[in-house]
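*Asks:* As a plain string of letters, each chain reads:
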Amino acid sequence: MTAPLVVPGSADPASTPATLRAIPHRGGALNPTADRIKSQFAEAFVRAEVIWGETNVYLRPESVLDVVRYLHDDAQERYDYLSDVTAVEYRDLELPLQVVWHLRSLPFRRFLRLKAELPKGTPLSVPSVFSIYSGADWLERECYDMFGIVFEGHPDLRRILMWEQYQEGYPLRKDFPLRGRFSRSEQLRQALAAQPESRYSMTELTIADAFEDLPLEMRQRLAGGEKTGE
Amino acid sequence: MVDEGGRVTTLEAPPAMEPELEGEHMLINLGPQHPATHGVLRLVLELDGETVVRCIPHVGYLHCGFEKIGEYRQYNQIIPWTDREDYLNSPGNNVAFALGAERLFGVEITPRCTVLRVIAMELSRIMSHLVWLGTTCIDIGAFTPFLWSFQERERIYTLLEQWIGARLTTTLTRVGGMGADIPDGWMDGLRDFVRTFPKTIAEVDRMVTRNGIWVGRTIGIGAMTGPDAVNAGLSGPLLRASGVAYDVRKDFPYLDYETYDFDVPVGTSGDVYDRFLVRMEELRQSVRILEQAAARLPDGPVNVDDARVILPPKSKATSEMESMIHHFKQVMEGPRPPIGECYVAVESPKGEKGYYFVSDGTPKPVRWRIRPPSYVNLSAIPRMVEGHLLSDVIAINASIDIVMGEIDR
Numbered sequence: 001m002t003a004p005l006v007v008p009g010s011a012d013p014a015s016t017p018a019t020l021r022a023i024p025h026r027g028g029a030l031n032p033t034a035d036r037i038k039s040q041f042a043e044a045f046v047r048a049e050v051i052w053g054e055t056n057v058y059l060r061p062e063s064v065l066d067v068v069r070y071l072h073d074d075a076q077e078r079y080d081y082l083s084d085v086t087a088v089e090y091r092d093l094e095l096p097l098q099v100v101w102h103l104r105s106l107p108f109r110r111f112l113r114l115k116a117e118l119p120k121g122t123p124l125s126v127p128s129v130f131s132i133y134s135g136a137d138w139l140e141r142e143c144y145d146m147f148g149i150v151f152e153g154h155p156d157l158r159r160i161l162m163w164e165q166y167q168e169g170y171p172l173r174k175d176f177p178l179r180g181r182f183s184r185s186e187q188l189r190q191a192l193a194a195q196p197e198s199r200y201s202m203t204e205l206t207i208a209d210a211f212e213d214l215p216l217e218m219r220q221r222l223a224g225g226e227k228t229g230e
Numbered sequence: 001m002v003d004e005g006g007r008v009t010t011l012e013a014p015p016a017m018e019p020e021l022e023g024e025h026m027l028i029n030l031g032p033q034h035p036a037t038h039g040v041l042r043l044v045l046e047l048d049g050e051t052v053v054r055c056i057p058h059v060g061y062l063h064c065g066f067e068k069i070g071e072y073r074q075y076n077q078i079i080p081w082t083d084r085e086d087y088l089n090s091p092g093n094n095v096a097f098a099l100g101a102e103r104l105f106g107v108e109i110t111p112r113c114t115v116l117r118v119i120a121m122e123l124s125r126i127m128s129h130l131v132w133l134g135t136t137c138i139d140i141g142a143f144t145p146f147l148w149s150f151q152e153r154e155r156i157y158t159l160l161e162q163w164i165g166a167r168l169t170t171t172l173t174r175v176g177g178m179g180a181d182i183p184d185g186w187m188d189g190l191r192d193f194v195r196t197f198p199k200t201i202a203e204v205d206r207m208v209t210r211n212g213i214w215v216g217r218t219i220g221i222g223a224m225t226g227p228d229a230v231n232a233g234l235s236g237p238l239l240r241a242s243g244v245a246y247d248v249r250k251d252f253p254y255l256d257y258e259t260y261d262f263d264v265p266v267g268t269s270g271d272v273y274d275r276f277l278v279r280m281e282e283l284r285q286s287v288r289i290l291e292q293a294a295a296r297l298p299d300g301p302v303n304v305d306d307a308r309v310i311l312p313p314k315s316k317a318t319s320e321m322e323s324m325i326h327h328f329k330q331v332m333e334g335p336r337p338p339i340g341e342c343y344v345a346v347e348s349p350k351g352e353k354g355y356y357f358v359s360d361g362t363p364k365p366v367r368w369r370i371r372p373p374s375y376v377n378l379s380a381i382p383r384m385v386e387g388h389l390l391s392d393v394i395a396i397n398a399s400i401d402i403v404m405g406e407i408d409r
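Chains as they are written, first to last, in my numbering: chain A, 1 to 230; chain B, 1 to 409.
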């Protein structure tokens, strides 16, 4: 049994915020965190804007981890909840790809959106925030699966919704056709040949005695000296 | 040893009852086609005897690319897809989607629509919790609560059918309003449900809550501490069972939830039993909200008076030039939101359900992202099951309340 974690103010009806109404399209009150990021991380800060009442802070991709760690640890910020990690690619293919983090501060009831822009032609890679939020695990894996963005430092970055042998690319990228890359019959053939149930990830192969049950191709890979495990 | 005279001279150690076995671990595939995994979830479990040493979940068997398809649809055309992700909570998803799209369009809905949406959300919370209650009881070995809860759920489906014509995939909302106003006399049916439903909760409560088998199977199983649960991004009853009073309805209100009088139940130990208690109490609180909503439902239009997003009535569309143009533009091109983005989260029965829209000013979203609560909740299952027995995996998995349609999308 553990003591309940008290979130200040959450039980107090007087401090309950109200349903947002008449929000302007652009402009409005900036989340005070944005100014603090600007003053503390002048190098990392690119720009901040308010759209539909939500604050966007654009950061340089390489410094996301430092900023997020500050947001999580600082007593003034306490962004303890990671809602979502995702990415956006615009239809205009010249625009950079954006990685988006949605953070919540439960004690202060704040919401902040962090963005990092990855220009086309550069390696799609941002630091992983898994070391700060363990909930980032599957969110980052999905983002990698769907967009091909590599989260540096994620302990187990592999496909999650598509099967691991999936070769057609990254489905949510705009250059990926809605119907897939091949004909329906070819897609069906590949999906049936993939047999995801009979496959084990390299992590699972470290489990004892699984070897004999493995597909032949995987046993050969292991016999060829391929390393298992993380 | 016995000497020649038959006397015992030395004592022999008794034979070991359990011979020392080699520490072989066993690999077990639970799923993907197992009734107790609540869908096509595959858990690869490493077992030491009957104890789970490691758990590796595999998802994606139901993946159909909702988010990709959404990029090729107009906003109102996406709403049927939201029925099909978390299909136990279709009206709630519809409302959440409409709220997000309305923020993106800058549309303010009418007071009657706001209250109707609250009714839809709470009915759908009760529906979803009842499925959870029934199936969890079956997983742990109790059959009767399943029948009782599905009977009550059937009554909600009948109400929804009277309202919108569909039962499971409701497509209840439109951007800027609802698909239909409630028919005459519908509120009587709702009041009847609200009056009699607490009796069923009380019956299940009397039967299950202090049942020895139930308590033995659930207390101390799959516990998560509050800080751990926040860090893992858990939400909904799962997070509140761990003692964190985070409820989107209270902390980031929408649909005037701050004006309703209801409590957020919070557990202490975060185990399967606390999750059960939290969900049972949420059923009662939803009834309270429904009572208040039924009492305050105002008259007036359901849809906003905004020709950008709401179709004109058929009679006007065929008789007035302007209405015909609006009708034509909306059907052929679709409403165009301004360039922008928004993230709108609601408290779904599973937790924080968010929709993130990015618009480039065209009638179709550049990005429509679902923040699925079950997905993030399920990602913590390895930490919950490790060290527990194989049979507890079923109880823990049931207590997370997953819907694979939402996880795989």
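The hints are simulated quantities; they were obtained by calculation from the structure and are not laboratory data.
None of the values given here were measured: they were computed from a predicted structure.
It is possible that part of the hints are untrue.
[What the hints assert, rightly or not] Think about it this way: if two alpha-carbon atoms lie no more than 16 Å apart in a straight line, the pair counts; the simulated EDC-like pairs of lysine to aspartate or glutamate are:
| # | chain 1 | residue 1 | chain 2 | residue 2 |
| --- | --- | --- | --- | --- |
| 1 | A | 174 | B | 261 |
| 2 | B | 68 | A | 175 |
| 3 | A | 38 | A | 66 |
| 4 | B | 68 | A | 168 |
| 5 | A | 174 | B | 256 |
[What the hints assert, rightly or not] Reference listing, derived: stretches of chain A covered by chain B, where coverage requires no fewer than 3 residues with Cβ under 8 Å from a Cβ of chain B:
| # | region |
| --- | --- |
| 6 | 16–23 |
| 7 | 86–97 |
| 8 | 113–123 |
| 9 | 136–143 |
| 10 | 185–191 |
[Stated by the list, open to error] Which chain B residues stay away from chain A? Per the calculated CB distances, all over 12 Å, these:
| # | residue |
| --- | --- |
| 11 | 39 |
| 12 | 203 |
| 13 | 230 |
| 14 | 289 |
| 15 | 387 |
| 16 | 409 |
Where a beta carbon is used, it is the ideal one built from N, C-alpha and C, also for glycine.
*Asks:* Decide, hint by hint, whether the structure agrees.
*Replies:* Consistency of the hints with the structure:
no.	hint	verdict
1	A:174 - B:261	violated (46 Å)
2	B:68 - A:175	holds (12 Å)
3	A:38 - A:66	holds (13 Å)
4	B:68 - A:168	holds (15 Å)
5	A:174 - B:256	violated (38 Å)
6	16–23	holds (count 8)
7	86–97	holds (count 6)
8	113–123	violated (count 1)
9	136–143	holds (count 5)
10	185–191	violated (count 0)
11	39	holds (14 Å)
12	203	holds (29 Å)
13	230	violated (5 Å)
14	289	holds (15 Å)
15	387	holds (16 Å)
16	409	violated (8 Å)
Checked against the numbered hints above, the structure breaks hints 1, 5, 8, 10, 13, 16 and satisfies the rest.
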